[in-house]
Amino acid sequence: MNTLTALLASSPAQEAPARQLMAFTLGTHILIVPLGVALPFITLVMHHRALRKNDPVALLLARRWSAVMAVQFAVGIVTGTVLSFEFGLLWPKMMGTWGDVFGLGFGVEAWAFFLEAVLIAIYLYGWRRLKPWTHFWLAVPLPFAALMGAFGIIGANSWMNTPQGFTLDASGKPMNVSVQQAVFTPMFGPEYWHFVAAMFLTAGYVVAGIYAVGWLRGRRDRYHKLGFTVPFTVAAILTPVQFFLGDNIARQIYHKQPEKFAAAEIVWNTGTHVPEYLFGRLESDGSVKGGLKIPDLDSFLAGFSANTQVTGLTSVPAADRPTAAEATLVHWTFDIMATIGSVLILLALWYAVYWLWRRDLPKTRWFFRCAALAGVASVITVECGWITTEVGRQPWIVYQYMRVSDAVTPTKAGSLWTMFGIVVVVYVLVFGAFVGVVRMMSRRWRRVDQGHVPPPGEGPETDTPYGPRPEPAAVAPGASGSGGSSGSSALRPDHGPRPSKGGTE
Amino acid sequence: MTAGVVAWILLLAVAAYACGGGVDYGAGFWDLVAGGTERGERPRWLIDHAMEPVWEVNNVWLIFVFILMWTGFPVFFEAVFSAMWLPLALAAVGLVLRGAGFALRKPTTRLARRRIYGAVFAVSSLLTPFFLGAAVGGVASGRAAPGVTASADVWANTTSIIAGLLAVAATAFLGAVFLTADARRFDAPDLERYFRLRSWFALVVVGILALIGLATTHKHTSYVYHGLTHGLGLLLVLLSLAAALATAWLVAGRRAGWARFTSVAAVALVIAAWGTAQRPYLVPTSLTVQQAAGATRTLQWLMLVTAIAIVLVGPALFLLYRLDTRGLLEAQTDADVEGGASRPGTSPL
Ligand code: HDD
Ligand code: HEM
Ligand code: HEM
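Residue numbers (this note's numbering), protein chains in the order written: chain Y, 1 to 505; chain G, 1001 to 1349.
Isolated chain G (complex conformation) (with noise of 0.2 Å):
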């Protein structure tokens, strides 16, 4: 019972980063693909003002994935960690040089240089999501059984591949709604209707990944496949397209702002699903969650601790959000930190 409620409480968190990281990621994504210095420039622009106060927030939410994940099924951690190895390294170097690349990109004036850390940033948005959605494939389709060491047939198989795609396709189309709402926010038509195509594309491309690993992956992940076909699991996956195609057609018209939430819904109803179907394990189908359970005493703290949090974080994070929105949270500009003011001997301006 406990363990269930936190297995839920872990799935929430995965959607919670698989949305708010996703939508960085997305930005990183049509960063990388936005074309040459002249042409990128302004989409590059918008991506860099968006991104700007919470990517920082977003990140911490793998952090407590993890930290759910070690602290309530010690045993799953391990063997996910042992089986996932190369995908998680790399991701890791990745979330690496993505942070430094775009914390570094801003206050570098030098050109060449923020192109360098622009690149990095833009490159790494790519691939951590691709290897981070690998993992999850390796999970989903049952490989990263507990016991099972670190080869390439691990995760380096087609639902492995496919998941990894699917995740950067995802992040894409979150990421461009999210731009599209942020460029009518900002009064920049050109920008709105540039990443509405590109969230149209985006989700096309979601779909067609997503029925090509519902074909070809259907031996390997047939728990998972029987569940996402089947009762509320399928519920789910319906909900899932109810909302993405209402995506598609609200950032079409003046309310993108709402397309943020369906696309959010979409995604996260999506993982809810994945979830639904490979009830009752977290491998399917060799370790349950039962099995995988810590101490329960452990699990109810673990509970209490996620309370807090969410008595503490959310406030504050609502704050964030709402300052963010009603435009006062702004970056200093290098005027203010250079400061006339208080120049030494010169006299305010």
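Here chain Y stands alone, though its shape is the one from the complex (with noise of 0.2 Å):
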């Protein structure tokens, strides 16, 4: 916030209003993302080994998770609708002068959506009837369409951070526009697999973290068991491969983003034996208050050798780098990111050498207090990553061709509040709902795994949700009136539960 009253001095009223809202929704839509790009993944793994051993635990897994799938892309899909308004309610101009540049590659984003949302709609409703392998394998596309979204995404974003692929007029207009570079940025290569390796791990250590509760909490069976071996494992394999992507990224910023770079680490002046803070915060005069000073060692970490000369800050003149607060942001995310990844490492070294030594989970408390903090812990770091990459970009929306100032809608500050406060509220209702949502169905599933059968008739519309596709019996005009479409399905010997997908089909 204080970041923000620094630079409202110089800048249009309506920054500070559109800054906040496209920041708070970009935040929240983040916390959907792992799920949205992983999820399929990781359930389809599950899927394949329940399968492939025929495993009924295996098989309830997966059908659960993409139960919770279903609802978790439609919040997705409607936070993300609302990103694709805000190019133009928040930043037309933007989009008026370098949409032909950069846009392409929300193209490809945009068809990648669609094959993702085609396939996901068979597999969720593919369930009931269509043939097991079939059904496994319509989904098997899901995982690389998600791979191409977040192709199209990243590239724009990493084309604002290092945009190229065009000259400027005499104008100051973009010409000569070459799509191949201006997809293919300097950044784009470290950014887009730092982000889907974040992306698989956040997703691991999030649905393993729920068995790890259910595991706390006393229930030690096969099926919280196999629920939370699966996603932890493909977590902890990426968690060592992200400490380096982390690292690699870290270093290219430092070649092609050195004001960034400077603000992550809180370097003022440029030199060479540079020391490394570990927090703190930078006064505006340059000095750095509190935090833990290592000499030398960000030199060291850049280049490999404490001669190693980094930028600082005031390489730039003032208007041209992040504010003072915002480095100081910049740098407690940085810091908070490198810390959480690296003492996720740690964990997943734990699980490894027990599964090395004992060929089974860890059998301490501590260790699944642990693997439930990663899941929170991996978002807070996507968190993180995200505002050291935007944060760190100011004040340029354009990393060095266009100011954040430059770029916002004419609309009044006044309607832009109104707006941000209405999205607040909508957002946090939808996102509550979004949590009951999942948690009352998780608790339904629960009661009934304790063998509390749920009576068939709670309200008289229990069994729409999920319910049956309409039979003509179920809609024979005598059945409407409160309980319309029959009774509990699960009474109904057509639609009974299936035992396994392998079993009756």
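There may be inaccurate statements among the hints.
Here are some chain Y residues pointing at chain G (derived, C-beta under 7 Å) [said to hold, decoys possible]:
{"no.": "1", "residue": "Val78"}
{"no.": "2", "residue": "Val82"}
{"no.": "3", "residue": "Ser84"}
{"no.": "4", "residue": "Gly99"}
{"no.": "5", "residue": "Asp100"}
{"no.": "6", "residue": "Leu104"}
{"no.": "7", "residue": "Phe106"}
{"no.": "8", "residue": "Ala110"}
{"no.": "9", "residue": "Phe114"}
{"no.": "10", "residue": "Ala121"}
{"no.": "11", "residue": "Val177"}
{"no.": "12", "residue": "Val179"}
{"no.": "13", "residue": "Met419"}
{"no.": "14", "residue": "Val426"}
{"no.": "15", "residue": "Val430"}
Covered, in the sense of this in silico footprint (three residues per stretch, anywhere, with C-beta under 8 Å from a C-beta of chain G), are these stretches of chain Y [claimed, not checked]:
{"no.": "16", "region": "63-76"}
{"no.": "17", "region": "87-93"}
{"no.": "18", "region": "266-275"}
No lab work stands behind these hints, which were simulated from the structure alone. In this text the structure is predicted, and so the values were computed from the model without any measurement. Yeah, the Cβ is synthetic: ideal placement off N, Cα and C, and Gly gets one too.
Using the hints, build the complex out of the two chains.
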């Protein structure tokens, strides 16, 4: 917040609400994205296991995850759609000027989402009637579609960070657009792989974390063990990989966006033998308050030698770099990300060593406590990563070509603040309802797992959610009135629960 | 030349959204007016089941429209979103409520809560197309010119309001026709009658609104008005009229399934007529397709991306609709995810 107040002196009044709104809607969309990208993959791993080993527990897990996926995908779509409106509602000048240079990535993203929406519909609604393996194979392209979608988004974002693929004409308009160059910008590769690994890792820890909580509460059956092991393994494998990718992206920033690197490491003056600060606060006079100072380390990390020169924030005019408050924010989010990333490695090591040694999950409760925390921690890490990326780019919306203040909509600040208020309220409701629904689903399942079969007709409409497709009998004119489409689906012979996919077909 | 092609692709995407999304909104509209819990239960039940697998897919058309706008015609995108700020912002909020309301209603078991989600879904199904229609009206009447900033008279004028109402009526028409066909497919004669009446009614309303629109907005939209009443534009309007009448006739008979195609044709043809009428402008009469066009290279790539989309998404979409109409797609029941089979300690049923 105070970041913004500092900036406001020189920027249009609309900028503050526009930035707040963009940051809020992106920040919430990102909460859903890891599941959106990686849950299909994790579910498919489980599904495959179920079919190959004819394992009903695995199948049940896969089915339940896909029921969660249905709701989560919808929330991802609506929050994502808001973002595409916001490009126009908040940053019309950016799109008006640069749309034809970097917009194409979104085109790729659009058809990837298209494919994803279609395939997800088939997967979610195919459980009952499709042949088991046909059903599985129809969903196999899903993770690839998600990767294509990420390609588009990250392509656009990395272009904003290191724009290229055009020249400017006399009036400052882009011309000679080269699409290949605009898509494959210098930051694209590092950002893409770091992002993809983060998504799979986060989804893995989040899903595993849920079962870890169950485990801690004493539910130590095979169902919880499997629900924990599969996603946790995926995440644990990726954790060390992510560490290297993170190190790589940091070094790329050192080369390609030196001011962002300087902000992330709060380097004020260009020089060699630059110390590394763990946390701490940058003051507007360039001094650092608090934090743990490690001499020479920053230079060493950037170029493997204490003699490496690191560019400082003062290398560019104050108007062209993040403010001290912004730099502090970037520094903190960067440090939190790196810290959590490193701690997660220890957790993954613990798991790996114990598994190699004993062929089993660690017994101690501490392991499961840490695993449950890892889910939350990785989501926090993702948020931190994005704040590093986006705030570190300030004041530019297109790095070194267009300022955020030049891109903002001419709409009045009052309207934007109102919109911001409405959006916050709506999102709180939507996310609250989303969490509520998922928790309710899981509570229901748990009750059933413990042997309490819920009464078939709790309310007049109980059978409609996930109800059977209407059959002629169910719609027979007499069937109207309360409980319209027949009684409990579970009681109907043709729709009874099937023991396993492989079984009755 | 390239710009012209991309402009037609854009129009095609608009038509696809109007039809695909329109059916969805229409279903929501009928959900809204279906009456109390008791009376509305059966139509609501059909609406739920008919919409199920495809709403997310329809939403993507809108995203496609935006992308074609900002990549193909950046200046146009900027102009529309600056001038039409308020209706578009409200449409965005409506979209969130709608999608979330629909998706959350399904797995919610408690009746009171389901009612809330249902109401949110239904109300936003009415408001979203209204505001999107109003924005389109602003473009067609030339008010969304480059440099215009958001103010009430840009969109709160007769043209925009009539266009918004027309959009709502058209979605109601599409929704009712599709639901009639679904009722037939699921063999529910009472619902078939119910929605048949409503498709006729909606069609009459569309007709009345269109006439009012032509009469009252003649002045502001003279360019488009002229295009719609002459030459190719007129021909398309007449074809659309024919398709609409054919729909009215088809829903009455045993071939309600075909009415879906004619109703879609009716809407798509009107949109084609609108596009034809405002040639060569994107915003009559201040911004032509050529002026707004982005870099030629990009436009060529955009065509390539579209071609790939058609090659990849087409078959998938075809598969989806095919599986769906053959009844192979069906939501999981509670029993499925409760999985009696693997309940710890119990044997498979
Ligand atoms: C669980 C997720 C996760 C983990 C463990 C890490 N990161 Fe990360 N990081 C992300 C998740 C993430 C992210 C959210 O996915 C970001 C935001 C933008 C992007 O592409 O990835 C990101 C961005 C990001 C950036 C900014 C890139 C830019 O501005 O374009 C840097 C410098 C790092 N990361 C560095 C690291 C380092 C040194 C880590 C050491 C362990 C690390 N990350 C672990
Ligand atoms: C690949 C992983 C992602 C998935 C599956 C996903 C999901 C979605 C969805 C469904 C949409 C709406 C578009 C539509 O309706 O088709 C969307 C749009 C958007 N998402 Fe995400 N999202 C992903 C990654 C991200 C990330 C990491 C961010 C940024 C933090 C992000 C920012 C956006 C933006 C800016 C849009 C609007 C752009 C557009 O419409 O093309 N997305 N996303
Ligand atoms: C598509 C890729 C994009 C991603 C992944 C992305 C991600 C983010 C994230 C995570 C934040 C910060 C959230 C926070 O502070 O909590 C943010 C802030 C912001 N983004 Fe981006 N963004 C993207 C595209 C855009 C676009 C297209 C624009 C403008 C047209 C934009 C402009 C901004 C602005 C102005 C802020 C506010 C910065 C601040 O709070 O200081 N971003 N973005």
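Here is what the structure says about each hint:
1. Taking 7 Å as the C-beta cut-off, the interface hint given for Y:Val78 holds, the closest approach to chain G being about 4 Å.
2. Because the closest C-beta pair between Y:Val82 and chain G is about 5 Å apart, less than 7 Å, the hint holds.
3. With 7 Å as the threshold, the beta carbon of Y:Ser84 comes within range of chain G, its nearest partner Cβ sitting at about 5 Å, so the hint holds.
4. The restraint placing Y:Gly99 at the interface with chain G holds, with a minimum CB-CB distance near 3 Å, inside the 7 Å limit.
5. Annotation: Y:Asp100 was flagged as interfacial toward chain G, and the flag holds, the nearest CB pair being 3 Å apart, inside 7 Å.
6. Of the supplied interface hints, the one on Y:Leu104 holds, with its beta-carbon coming within about 6 Å of a beta-carbon of chain G, less than 7 Å.
7. Hint status for Y:Phe106: holds, given a least beta-carbon distance of 5 Å to chain G, under 7 Å.
8. Checking Y:Ala110 against chain G by beta carbon gives a least distance of about 5 Å; that is within 7 Å, so the hint holds.
9. A least Cβ separation of about 5 Å between Y:Phe114 and chain G falls short of the 7 Å threshold, and the interface hint therefore holds.
10. Here the hint on Y:Ala121 is kept, as its CB sits about 4 Å from the closest CB of chain G, short of 7 Å.
11. About 4 Å separates the beta-carbon of Y:Val177 from the nearest beta-carbon of chain G, less than 7 Å, and the hint is met.
12. For Y:Val179, the shortest C-beta to C-beta distance to chain G is roughly 5 Å, which falls under 7 Å, so the interface hint holds.
13. Annotation: interface hint on Y:Met419 holds; nearest CB of chain G at approximately 5 Å, less than 7 Å.
14. For Y:Val426, the interface hint holds, the least distance from its beta-carbon to any beta-carbon of chain G being 6 Å, beneath 7 Å.
15. Taken as an interface hint, Y:Val430 checks out: its beta carbon lies about 4 Å from the nearest beta carbon of chain G, inside 7 Å.
16. Remark: the region 63-76 of chain Y is confirmed as covered by chain G, as 9 of its residues place a Cβ nearer than 8 Å to a Cβ of that chain, reaching the required three.
17. Check result for the region 87-93 of chain Y against chain G: holds, 5 residues qualifying (beta carbon to beta carbon below 8 Å, three or more required).
18. Only residues whose beta carbon comes within less than 8 Å of a beta carbon in chain G count, and the region 266-275 of chain Y has 0; fewer than three means the coverage is violated.
Consistency with the previously given hints fails for number 18 only.
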